[in-house]
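There are 2 protein chains.
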Amino acid sequence: MSFDFDAHIRKIPDHPREGIVFYDLMPLFQSPEGLTASVDTMAAWGRERQPDIVLGAEARGFILGGALAQALGIGFAAARKPGKLPWRTVQHEYRLEYGTDALAVHRDAVSRGQKVLIHDDLLATGGTAEAKCRLVEELGGTVVGCIFIAELAFLPGRERLRGYDIGSLVNYDTEAVPA
Amino acid sequence: MSFDFDAHIRKIPDHPREGIVFYDLMPLFQSPEGLTASVDTMAAWGRERQPDIVLGAEARGFILGGALAQALGIGFAAARKPGKLPWRTVQHEYRLEYGTDALAVHRDAVSRGQKVLIHDDLLATGGTAEAKCRLVEELGGTVVGCIFIAELAFLPGRERLRGYDIGSLVNYDTEAVPA
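In order, the protein sequences belong to chains A and B. Residues are numbered in our numbering as their position in the first sequence, beginning at 1, plus a constant of 214. Residues are numbered in our numbering as their position in the second sequence, beginning at 1, plus a constant of 214.
Keep in mind the hints are simulated off the structure, nothing from the lab. Here the structure is a predicted model, which is why all the values come from computation and not from measurement. Any given hint might turn out to be false.
Where chains are identical, the list cannot tell them apart; a pair therefore holds if satisfied intra-copy or between any two copies.
Pairs of lysine to aspartate or glutamate, DMTMM-like flavour, derived with a Cα cap of 25 Å [to be verified]:
hint: 1; residue 1: Lys295; residue 2: Glu373
hint: 2; residue 1: Lys298; residue 2: Asp220
hint: 3; residue 1: Lys298; residue 2: Glu232
hint: 4; residue 1: Lys225; residue 2: Asp238
hint: 5; residue 1: Lys298; residue 2: Asp315
hint: 6; residue 1: Lys329; residue 2: Glu247
hint: 7; residue 1: Lys225; residue 2: Asp322
hint: 8; residue 1: Lys225; residue 2: Asp379
hint: 9; residue 1: Lys295; residue 2: Glu272
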């Protein structure tokens, strides 16, 4: 029997703005069983793809990104907002619903030829994951998979990440109705 | 023989401003051996204090905070900047060299009577760690220890955290001179 991830994800209505349901994964991380089930299930998915390093984006992608790397016996590299990393970086801009945002990684985060497992807590529109894939490729690495905890399948994340191998632990086909 | 943590910490001169040496832990996280040695050593220190949950602050305290919780078989709770957490929070302001900053946690992050292990990557002036201790106590929990990767012992962090049990993997008695 598989773990009930959905039961540990809090649905918050009208956050960050009216009409939007926010998927709060903090209760999952706070639960010892939830944390372990998340890391173990993602690690099993990732292990088959034989990555050399995990790349996660700040801030929520850091929480299980380090644990996932540890479970796989590999290192963890961080993608951050521009200006947050202290050393030399490469940067990628991506489209939001309104305007643009950007992510940066250190130039030594990924080496030429390295196989990279992308991780984030949530797959929504796929903007940050796509930016991470581009950064990996710019540094000469290969994306061997993108593993998320929750996937909002009613948004076009998979479409934006077409050509990449995508996995998630819990899949929301329609937007949740808060209790 | 213990792991050479210092060798994996990059010292960056004049960051974020002239005259300040920045301790960049990203090379440590990117190294499989560095990541494992960090998590295992912190977990051994933490295990003796029998915590119920790990509390880490965004963003860099998330990277090994989740892995540390996973290694201890407990959950992870997140302290974030005000406005970043979607549910009901408690908040604590703390002094910086110039001005103030604040941290928040969800009201269910720590339960009454829980034993909490505080984690962050770096102990500098101790402001964020002190804020986390206050938040734990406001929610009725007990801080059983504060474990850091690197400690800048030439700054008054331990003084500010007097009365708490403090550990670190690598201790800088004097400010590093960048190579």
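Hint-by-hint comparison with the structure:
1. Lys295 / Glu373: within (24 Å within a copy, 32 Å between copies)
2. Lys298 / Asp220: between (32 Å within a copy, 22 Å between copies)
3. Lys298 / Glu232: between (30 Å within a copy, 17 Å between copies)
4. Lys225 / Asp238: within (6 Å within a copy, 36 Å between copies)
5. Lys298 / Asp315: both (14 Å within a copy, 17 Å between copies)
6. Lys329 / Glu247: between (29 Å within a copy, 18 Å between copies)
7. Lys225 / Asp322: between (38 Å within a copy, 15 Å between copies)
8. Lys225 / Asp379: Neither: 27 Å inside a chain and 37 Å across chains, both beyond 25 Å.
9. Lys295 / Glu272: Classified as both; 8 Å inside a copy, 13 Å across copies.
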